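Asker: Could you build the full structure based on these sequences and the hints that come with them?
Residue 1 is where the sequence shown starts when you use full-length UniProt numbering, and the numbers rise one by one after that.
Hints were generated in silico from the structure; no laboratory data involved.
These numbers come from a predicted model, not from an experiment.
Incorrect hints may have been included.
[Stated by the list, open to error] Capping the alpha-carbon separation at 27 Å, the derived lysine-lysine pairs in DSSO-like fashion look like this:
| hint | residue 1 | residue 2 |
| --- | --- | --- |
| 1 | K94 | K80 |
| 2 | K76 | K42 |
| 3 | K80 | K54 |
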Amino acid sequence: MVSIHYVGPALVGHPGVVHGGMLATLLDEGLARCCFPALPNKIGMTASLTINYKAPCRAGQFIVLRAETTKVEGRKAWVKGRLETIADEERGEKPLVLDEAEALFIEPRQAASMAKIYNPNP
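Answerer: Quick look at the structure:
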């Protein structure tokens with residue numbers, strides 16, 4: 001899965017640098033959206049999220065979230081992903097990896113009933 005996000009100046013922690021908590025939220029949501037379709041009832045909750053911050057994320061730019069479901073076992077799904085800058089490949093630029101993450105999402109046992117609440121018109 002690939003998604004593009006704009007991180008503006010209202011999201012900074014330190015001057016000019018996007019707050020790490022905001023980046024963690026983007027990763028948590030992005031990785032979840034990547035693996036939920038693989039779960040039996042398409043609903044899950046974060047069991048673990050590990051983030052390695054590689055480089056400061058400067059405010060005022062678009063960034064790319066890339067995620068891939070790596071394993072699914074019943075109600076569990078494992079995902080890896082990263083946030084990176086957008087590079088101009090025609091100029092020979094390569095994306096800068098800002099953060100890397102791994103997560104485990106688990107579908108609750110009561111997910112079948114929850115699915116009716118979250119998606120009343122399947």
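Asker: For a quick check of understanding: which of the numbered hints are violated here, in increasing order?
Answerer: The structure breaks none of the hints.
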